[in-house]
Amino acid sequence: MGAIITLTTDFGLKDAYVASMKGVMLSINPEVNLVDICHTIEPQNILQSAFVLNAAYRFFPKKSVHLVVVDPDVGSERRAIILRTPIASFVAPDNGVLSYIIQQSLIQPVTRKGKLSLRGGLKPGETLEAVHITNSRFWRLPVSPTFHGRDIFAPVAAALSLGFPPIEFGEPVTSVEVLPMSRPGKRPDGSLMGHIIHIDTFGNLITDVRNEDLPSAEKIDKIKIGSRHISGLVRTYSEGSGLIALIGSGDFIEISLKGGNAALLLDAKIGDEVLFTVQPEEEE
Amino acid sequence: MGAIITLTTDFGLKDAYVASMKGVMLSINPEVNLVDICHTIEPQNILQSAFVLNAAYRFFPKKSVHLVVVDPDVGSERRAIILRTPIASFVAPDNGVLSYIIQQSLIQPVTRKGKLSLRGGLKPGETLEAVHITNSRFWRLPVSPTFHGRDIFAPVAAALSLGFPPIEFGEPVTSVEVLPMSRPGKRPDGSLMGHIIHIDTFGNLITDVRNEDLPSAEKIDKIKIGSRHISGLVRTYSEGSGLIALIGSGDFIEISLKGGNAALLLDAKIGDEVLFTVQPEEEE
Amino acid sequence: MGAIITLTTDFGLKDAYVASMKGVMLSINPEVNLVDICHTIEPQNILQSAFVLNAAYRFFPKKSVHLVVVDPDVGSERRAIILRTPIASFVAPDNGVLSYIIQQSLIQPVTRKGKLSLRGGLKPGETLEAVHITNSRFWRLPVSPTFHGRDIFAPVAAALSLGFPPIEFGEPVTSVEVLPMSRPGKRPDGSLMGHIIHIDTFGNLITDVRNEDLPSAEKIDKIKIGSRHISGLVRTYSEGSGLIALIGSGDFIEISLKGGNAALLLDAKIGDEVLFTVQPEEEE
Chain S
1 MGAIITLTTD FGLKDAYVAS MKGVMLSINP EVNLVDICHT IEPQNILQSA FVLNAAYRFF
61 PKKSVHLVVV DPDVGSERRA IILRTPIASF VAPDNGVLSY IIQQSLIQPV TRKGKLSLRG
121 GLKPGETLEA VHITNSRFWR LPVSPTFHGR DIFAPVAAAL SLGFPPIEFG EPVTSVEVLP
181 MSRPGKRPDG SLMGHIIHID TFGNLITDVR NEDLPSAEKI DKIKIGSRHI SGLVRTYSEG
241 SGLIALIGSG DFIEISLKGG NAALLLDAKI GDEVLFTVQP EEEE
Chain P
1 MGAIITLTTD FGLKDAYVAS MKGVMLSINP EVNLVDICHT IEPQNILQSA FVLNAAYRFF
61 PKKSVHLVVV DPDVGSERRA IILRTPIASF VAPDNGVLSY IIQQSLIQPV TRKGKLSLRG
121 GLKPGETLEA VHITNSRFWR LPVSPTFHGR DIFAPVAAAL SLGFPPIEFG EPVTSVEVLP
181 MSRPGKRPDG SLMGHIIHID TFGNLITDVR NEDLPSAEKI DKIKIGSRHI SGLVRTYSEG
241 SGLIALIGSG DFIEISLKGG NAALLLDAKI GDEVLFTVQP EEEE
Chain L
1 MGAIITLTTD FGLKDAYVAS MKGVMLSINP EVNLVDICHT IEPQNILQSA FVLNAAYRFF
61 PKKSVHLVVV DPDVGSERRA IILRTPIASF VAPDNGVLSY IIQQSLIQPV TRKGKLSLRG
121 GLKPGETLEA VHITNSRFWR LPVSPTFHGR DIFAPVAAAL SLGFPPIEFG EPVTSVEVLP
181 MSRPGKRPDG SLMGHIIHID TFGNLITDVR NEDLPSAEKI DKIKIGSRHI SGLVRTYSEG
241 SGLIALIGSG DFIEISLKGG NAALLLDAKI GDEVLFTVQP EEEE
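Chains as they are written, first to last, in the working numbering: chain S, 1 to 284; chain P, 1 to 284; chain L, 1 to 284.
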């Protein structure tokens, strides 16, 4: 029954930062259920936090509050915002950590870094409400210029979890910062040039190619990463041998090494290219 | 008052996998109390997860549900099972992760990998009920072939925590997969050849020799690991000097380095031998 | 509404130790809200745990119970204690892990390791009540000589969270162990020699110099660490360039590398000196 707040930060596991935020939130809403998504985001890696948050948040109950503090520009002029979508609320710095969340509500892919209007280009039925957090009534005062996570984001998330409407926390805004999403490029010969966007604990290489970007799984001829070739897709990690490719649990195509770590084998890194060649369309 | 579900996985700390499972469980049972046992099991190390789970679960309240997802063969023909013992329920792939739990209920040690009947060889008063999870009514559909943790195990554990009886989730089975448990070997001269079965955060080397395997603590003469000798057992980490041996908190004999890390000093690894020589029985 | 127990240990993330303690506490107080502060304290680093605990605990609701198990001398004659301050209760080995907590209640800095009387030198309005935990009624029996965390500290913390007064757990004591707190030294020329007391996840170097130790932020002329010089303080991590110094969220002055890791750049370690020179007082 209790409200849920999830936490995604780059604060690591050895400091008091995460616990300080939890203490602040429990002081405001003693009934809140705090759930860690991830605290080992690479320091200040906004895009990584955007990816992990997006992969996790959709499995939480509707109306959960998702707190993200990956905030290299804390204390500067970057805004703190609340974003409310039809299924969840987010409390975060306005620096692109919500890019994937926003992207999902849009018809067109986000291709440039910068301010994105929340008023146009939404998918039917989608609404995005954003508020610039300016009302210090909800803050922990005095605010440390180096730790808005504790003094602004955490108390705002806790108050939001108590049911205060977003508009109580500041002024509505019509645009937010987004980072360009990595997208596969279609080539003249019909092949698709994808890119690695995440490397997981197992060394699986998650690409930006979604199932829906491909003509159909059966049509994939070869997958090329570095100097290696993979033949078509398998269904599970236990099929095939050596390097395999499959549709991962987040609906992205991923490259995996059976019984091993693909990232180590290939010395792969975020941004590396993965080429998908498709069988030529047959004449009918 | 709320039901408890514990989580043991090899999903690591940097991905969205654990949080996704938690979101799914909280969506089904908002009152459930989720407690992490461990998420840093070595990738696909079934025996390590079996050890850690067994070391922790017995301290939880009776009727807790213990979810284990170390599942290298996800999507293959390996079964998903519920195991219910007199004190707890487990939801796990049927791949041996419950080997220690099952072993504890048996009179005879498990010595071979493979299917073990749950109908014979139980200690008096023990009952083990197992169900093959086949009823998709409780699953998150469509099931990702690569993430049964999120789409089968988590929702089943959540439903189990709501009180549904195991039989609602599938068909009863009479045998489950077990891995052979490492056991010390008794030698003709009365000495005992043990093996390292776990290395903890402090570098302590936990062996497969239990207190009960030894004639009596006083009778232990020398302990030999690699080329090093240790004289008898001490009671606590702060007694003796250099390498010491003592009865650990899980009732296994362990080797420790006072004020240091025994694993680093000895370059020890799982499976390494530790020889316990006992004093000859005195004639009376 | 539920009572809160926080946990600070050096048990790491790969073993069953933390979960065992949680299971024990939930068995005693099923309603308790368990919140991790940190489990990656360097093995047996009492001062580090004292620092992290102190940085976090004050943000939790009043009357929270804070459990600390960094306990190199477990099983020896070191005492287990409960310390109650006006805002919180602590359950810990009496080995100095509460040094910062106690220091905050005192007028004079703690300069020597050893027993400190809790009856004198307190700030006005402060009271510290300490109890030597001797009443085995609340323990898990038999107590493992190597894991008091599970068998003494955890059940005592759980019982304390149920409302039992500290005196039920043992005999009052009037002195507890403290470690000397690192303190900056004032030099004849008015400059201040500080020391690094913590290095955080981002590589920020937290010194023992508090805002209040300095004449005023404007008066700081130069900060010298190793062979590097920093000019004055900035307000946030996003100001200045290269090495910067600022007042951190715990009110200590810290050294940071803009967009990087100061600890790696400087090969810094706990105890390293940081010199603060101040502008000469102007004649008026």
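Certain hints may be false.
Pairs count within a copy or across copies, as identical chains cannot be separated in the list.
[Stated by the list, open to error] Here are the simulated DSSO-like pairs of lysine-lysine, each with C-alpha atoms no more than 30 Å apart in a straight line:
id	residue 1	residue 2
1	K62	K224
2	K113	K258
3	K14	K269
4	K258	K115
Read the hints as simulated data drawn from the structure, not as lab findings. Bear in mind that the values here come from a model prediction, so they are computed numbers and not experimental data.
A quick look at each hint next to the structure:
no.: 1; hint: K62 / K224; in the structure: neither (40 Å within a copy, 52 Å between copies)
no.: 2; hint: K113 / K258; in the structure: between (37 Å within a copy, 22 Å between copies)
no.: 3; hint: K14 / K269; in the structure: both (26 Å within a copy, 15 Å between copies)
no.: 4; hint: K258 / K115; in the structure: between (42 Å within a copy, 25 Å between copies)
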